[in-house]
Structure formats: structure tokens, C-alpha cells
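Peer 1: Here's the letter readout for the chains.
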Amino acid sequence: MKFSVTKEKLLEALQQVQNVVSTRTTLPILSNVLLQANETELYLTTTDLDVGVRGTCEAHVDKAGATTLPARRVFNIIRELPSSEIQIDVDGKNAASIRSGQSFFKILGLPEDEFPPLPKFEGAKVVTMRQKDLRDGLRKTSYAISTDETRYVLNGVLFSFKDNKLTLVATDGRRLAMAEIELEFPRSHESDLIIPTKAVTELHRLLTDDGDVKVSMSNGQIAFDLNKTLLVSKLIEGNYPNYRQVIPGEAKERVKLEREMFLNSLRRVSLLASDKSHSVKLNFSKNNLDITANTPEVGEAKESLAIPYKGREFSIAFNPEFLMAPLRALTEDEVFLDLIDEMSPGVVKIQTPFLYVIMPMRISS
Amino acid sequence: MWRFCNTVNNFRMDKKCAQLWQRLSAALKPQISADSFKRWFSTVDLVEAKEESITLSVPNNIYQLWIESNYMQALQNAIIVAFGGPRSVKFCAPSTAGAQTSAEDSATVKEALPAPQVGVRPGTTVPGLNPRNTFESFVVGPNNEIAHAASLAVAQAPARTYNPLFIYGGVGLGKTHLMQAIGQFVWAKRKNVKVIYVSSELFINEFIDAIQHSNLVKFRKRYRQADLLLIDDIQFLGGKERSQEEFFHTFNTLFDGHKQIVLSSDRPASEIANLEHRLVSRFEWGLTAELQPPAIETRLAILRKKADAMQIKLHEDVFQFLATRIRTNVRRLEGALMRVASFASLSGRELTNETVEHLLKDILQEEGRQSITIEQIQRRVAEHFDVRLADMTSKRRPASIAFPRQVAMYLARELTKASLNEIGDAFGGRDHGTVLHACKLVKKRIAEQDNIRQTISYIDSSLQR
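As they're listed, the protein sequences go chains A and B.
Residue numbering for the first sequence is 0 to 364, as defined by numbering that gives the first Met the number 0.
Residue numbering for the second sequence is 0 to 464, as defined by numbering that gives the first Met the number 0.
Don't take every hint at face value.
[What the hints assert, rightly or not] Covered stretches of chain B, going by a simulated chain A footprint (3 or more residues, C-beta under 8 Å): (1) 32 to 42; (2) 53 to 61; (3) 64 to 71.
I should point out that these hints are in silico values taken from the structure, not numbers from a laboratory.
Only a predicted model underlies this, so the values are computations on that prediction, with no experimental measurement involved.
Glycine residues also receive a C-beta, built at the ideal position from the N, C-alpha and C atoms.
Can you build the whole structure from these sequences, using the hints too?
Peer 2: Okay, structure coming up:
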């Protein structure tokens, strides 16, 4: 295989596929990137057997072929090369000679037939959607994914395609984030899939605000085709719990808050929330909200916000990190906090279909 | 853990459960808001109330998830009020649930499969221990109460009671169970505790790997930053000098830093072959606890507890049969129980002693063959005659040492299926003729002297326990 390519293009393609390579691999071939050159393009593929990414790169191909090379090392080399033009020549023994300006590198690789191929998607259900919508939806939900590996069904985001709507849900048992995207697709494509955390993180990284992404679903696997990159992932097998159950009914008090101010106050006050109790108290009174936190033996913090509030006076406590996460992810100026009482979950809402259910903490008297 | 209520009988709420549920609900309602109670507990029922646990039936698994994440404290408080003491809470789904529950069931069966015994990156959420190895599931009996008490003390106050804790015992007696129970207990109390559980073989392999890839710094950092180090089967360190030296340094670092070390082995530290003296003395520094094979009462208790845990109902005779016939190791006992239970549930046939005997004939054969080893005989005889185990293999001839040796040889001949040559080898490379002579001599003495006959039959029966 022999081809020449510009440093910027190759670097960009390598960057796209690097993150999937895990640092602790069981098989040595998994720490390599598969390079396939055909007439006009160069494909770079990496995988960790659960998630795989294939990027493309324009190249001037003299001789077609394929090989695999250590991903991390090649990336580091290409990054340091002096000149913009790079020539790569791979011989029959999978040794790659990289030439650029006055620099010469030779890297030994592994044969391409050892590399696990990405799964095929024949007869898959395909849905196309705007990248911006998916990116927004993931941003609003992915922070709520559970990290507890014993409940592996929750170690990912639920993609529920139903009734011309894609619902994204993530929960860890103490809070639940749900976003909806309007989407058209035929009845036959209705399904519930759970995308694992690693794939979600990668996808979020690859998504931009322009263009479309093509989503292909087939048994046990899902593929996202966007911007000349293909991301493939295994799905988590299992039934995602019925999240609708979690969403509380009518709110007793609906409080309108300015998102940024609220977030900043929370952030400041939570500096004094102790490591053990992790809680801040919200005290609602007429047109005022007091946010307090204290750590015994250390100190306390309090901030007051003027808010339009005419309901009854009451207090409720939350884990500050759980409350700040959605506020950081949202971009709207105003958010609504629906509350029932101090022992019932609160719901953060905005104008568009999104909600975030958060369980309160006990207020120790 | 998620379970199926697999028979309708189990699921039918009898009056007692209904009453208890009323009490429990009444104690629970004031603690959580009316809305939450209605949402999460109005469709929940109490299906089983036992001494140590209660089982609640829920419509689907989000209930279990949400209740476990948010309402356990309130639930436990209500349980103490309603039952007088704490109980562990289990969840199950009604058997009428459709495909959804069966998929979840298979999903959790995957979870419940024993985790491979591999060490884990410190600081990750799951310690890589088999979740079934806990103190609650460990059956205590006179054979292991010291080891159990010591383990519990260590788990409750790591590095402040016995450090290091050295547990030894034969195959399948609970060493790994106890060690992992300590790990689970400590980790459950404080999640940011660095618990490392490895087998010594893994330690050695990782060490070798680290040398080869020049990753020693990382390796050392990982092990020396542990708060609790659990090493299984430490006897494999014997003969591996370089690994022993590395372990010596690791041990010192942890010990000086007041971190708890727990070790397990198949024999006491002083009997591990080719183990550096300074390691032996360090292992014996703390508490050494032995796990002995369980007596029949304990074996019965183990069987009953396991059967309860898996909701298997078997006839009392079957338990008796299993407990009497399988004596040496708990693992084999549990395996036999599983086999019998699956046979019963799959074939639906009545279990008689004959069918059980037939089912387990290979296990029973193993039992017969291996139930007594020459080493065990040597130990018991040495203990009884108050000589050292080493005297069994030594060349010393005074009658006070030679006679016990000869008694041991005689018992080896009688109770094991080893050949004369094998017995000779086990007694310090002696000739088969020596063994033959010993047997003849002991036989003659038994016929002549009553007290010798009694002694030998006493040792015999204690071996056959």
C-alpha cells in the first residue's frame, strides 16, 4: 500500500478515531488503527469490540492496500512531523515507512485480516435526523447516566423511537433526564434501544451543529453515519425500566427561575456542602429563595435570590451536583422548577420537551 | 437481587403477610410524602416475611430501582417499627408478568454469575467480588467460628484488630468466601475505600508483566495504595523468590501505613514450602485462623440455608442424606444440592435416596476416595500422640516417635486407597517394606493390647467424622 496525504487531514482523521482505543486492551490488535486505502480515499478504523469508529481522509493513493498500525504511536508521530506532505509506504510485512521532509519513521504493524471487522448492517432500519437535534438531546441527558456497573441496563441512554418522536432517557435511580425530539419515521421502525455510555460520549464528540446523521439499527448493533465518519456500537441488552412511572403528576408549586443566576448561586453555596451530606437547602418564601449549605465544624453558606413566588413557605433539599448538572446543560434563560413538597421529587422543565426529575434529600432537623 | 416468585403458592399473600404489610405501610407513610407513597408503594405487596429478610413484590424493576435508591432508609425505619428489628429487603415480580420480566430475569442471572476472581482497579465502583460472598450468606459453626469472628472484627475495624489476618483451610471450606465478605463489608461502608482482591497467582503475573513492560512504578503504586489488601492462595508464592521479595516490600509498606492485609492459604504459614522465613514470621504476626471441615450439624445448616436462599423445597431425608454422605468440602456439598434440586425441578419426579445416590454417584465416589488423605492422618496421629508433624517423616527411631509413625502408616493403609509405595513416599521416602512391617506390627499390638485398640479406633472415628 502506498499513499501520500497532508498532515492536517490525516491528523484530523486520526483524532476522530483515537478515543475509542482503550488503554488496557486484551488483544494487541485492538490498540491498532486499521488503514485501508482504495482509489481515492483512506479509511481509518479503530474498535474496542463494543464501540468502533471509522473515519475517512482524502489521500493520493498510488497503490491500494490495507494494514494496521499502533494508533497512539502513529498519532504522536504524525503530530510531530515537520512538513505538511507525508508519504506512507507499507510493505508486505506490514512495516510502514513514513516520510515527511527530512524525517523518516518505520513502524511495524499487524496484518489487516487480524483486525475485527465492523459489523454489517444489511436490512437495517434507518432513520435520518439533524445532527443539531441529536447533539442537543444528548447534551441534555447524558450527564444523568448511571455509573453503577451492577445495574448495567442503566449504563447508557435509552433511545425510544415511538409515535414520530425520539425520546432520550438517562437515569441513575436518583435523578432522571428525558428529552424529546420530533422525528418522522415509519411505524415499522419503532423500537427501544439502549446505547452504552462510551458510545454516547464518542457520538457526542463527533456530532456537530450542521448536517444530518443517519442512524441504522439492526439486531444488537447501532450505527451512526455522519460527516464522513461511521460510529458503530453494540447495544445494551435488557429492558430499560419504565421511566414514565418516575415522572410525578401535578406540581403544587411552579417556580420560575433565571437559569444562570440560579446556577451560579448554587455553585457558590455548594462549596460549603459537606462531603458526607452533599446537600443544599432551598427555602422558598414570599418572593424570595434562600439557598443554604453547611458543614459541621467547617462553616456555612447562604445566598438569597429574588424570585416571583407567591406560594406557601417551605423548604426542600437537593444534592447540589445533581441540581446543577441540568442547569449547566441547558441554554435557555429561564427554567421552571416544579415542586410538590419536601419529600417528593422536583422537576426541572423548560419550554421545549425536556424534563429532569430529581429526588430530594432528607432535611435533618 | 432480582428474583422470580416462581410458584403461585409463594406469591399468594396470606393473612399474616397482609397484616404485616398494613403495619409496615402505616409506619412508612409518615416518613415519605403521600404522593410518593401512593406512586411507589400502593402497588407493592409483602409476600414473605422471614427472620432475616422480607420479600416485596413489585410490578416491574423500576420500582425496585427507585425504592432502593431513594426510600431504603425510610423503609428500614418502618421495618424496625413493624417487625421489631432490621430485615434485609428482597424484591420479586409476580409470575404472571410477561416477556418483560423474563428478560430482566435472564439479565440478572447474568449479573448473578460469579465474577471471575480478578483484582480490580482501585477506586472503581465494583470491587470485582462475587456478590454472593457476604457475611450473611456464611454459615457459622464450631469449625469456623473463630475465623468468622476474626474476619468480622477485621471488617468492622480494619487494621485496628488483627493485622495481618491469615486464614487457612482445605479445599472448599470458605476461605475465599470470608475474604470477599470482608471486602464487601468494608467497601459497603465507605465507597471510596481502595479494596484490592487478587489471587497470589495474579499478583505474581502482574508483577512479571510489570517487569517486562517496565511498569513497576505503576504496579507498586497500585498495590501500595490499597486500604485493604486481600490475597487468596498465598501458598503459590512459595518458590518464587523475586515475587516474594516484592510482596515483602508491599507488605511492609501497607503494614506500616496501618492498612489491613488479609491472606488465605491452604496450609499454615510455617508449612508453606520454600517461603522466606521473614515472610513466614510476618504472616504469623497477626492472627492465624483455621477453617476446618464442618460437622454434620453445620453441614445440615449450610444445606438448609442454601436451599432457602434459592427457594428450593426438598424433603428432610434428602438433606440428611447429603449431609451424611458429603463430608469434606462445602463446595461439593452445594454442588450436590444444586444437582439434586435441578433434577427435582426439571424432572418433577419424587426424590428417593436411591435416585439421589444415583444422581450423585460420581461425587460420592470422590468422597469415598479422597475423604481422608495421608496428610490428614499424619496430622491427627501426631496431634494425638503429641509429636510434631515433621516427626512423621523424620528418620528418628525412638519408640515415642516411631510408634506413632507406624500407627499413621497403618491407618493410611486402612483408610486410604494409596499403595504401599505411595504411603512410604508420604512418610519421608520410606521403603514399601517398612510400611508393610509397620502395618503388621500395629495389627499385632491391637490384638494384644486393648488400650491401643481403643486409641486407634478413636483416631479412626475422628478422621471419619
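Peer 1: For each hint, tell me whether it holds in the structure or not.
Peer 2: Hint by hint, here is what the structure shows:
Check on the region 32 to 42 of chain B: 4 of its residues sit with their Cβ under 8 Å from a Cβ of chain A, so the three-residue criterion for coverage holds. Under the rule that three or more residues need a Cβ within less than 8 Å of chain A, the assignment of the region 53 to 61 of chain B holds, with 3 such residues. Only when three residues or more bring their CB closer than 8 Å to a CB of chain A does the claim for the region 64 to 71 of chain B stand; here the count is 5, and the claim holds.
The earlier numbered hints are all upheld by this structure, with none contradicted.
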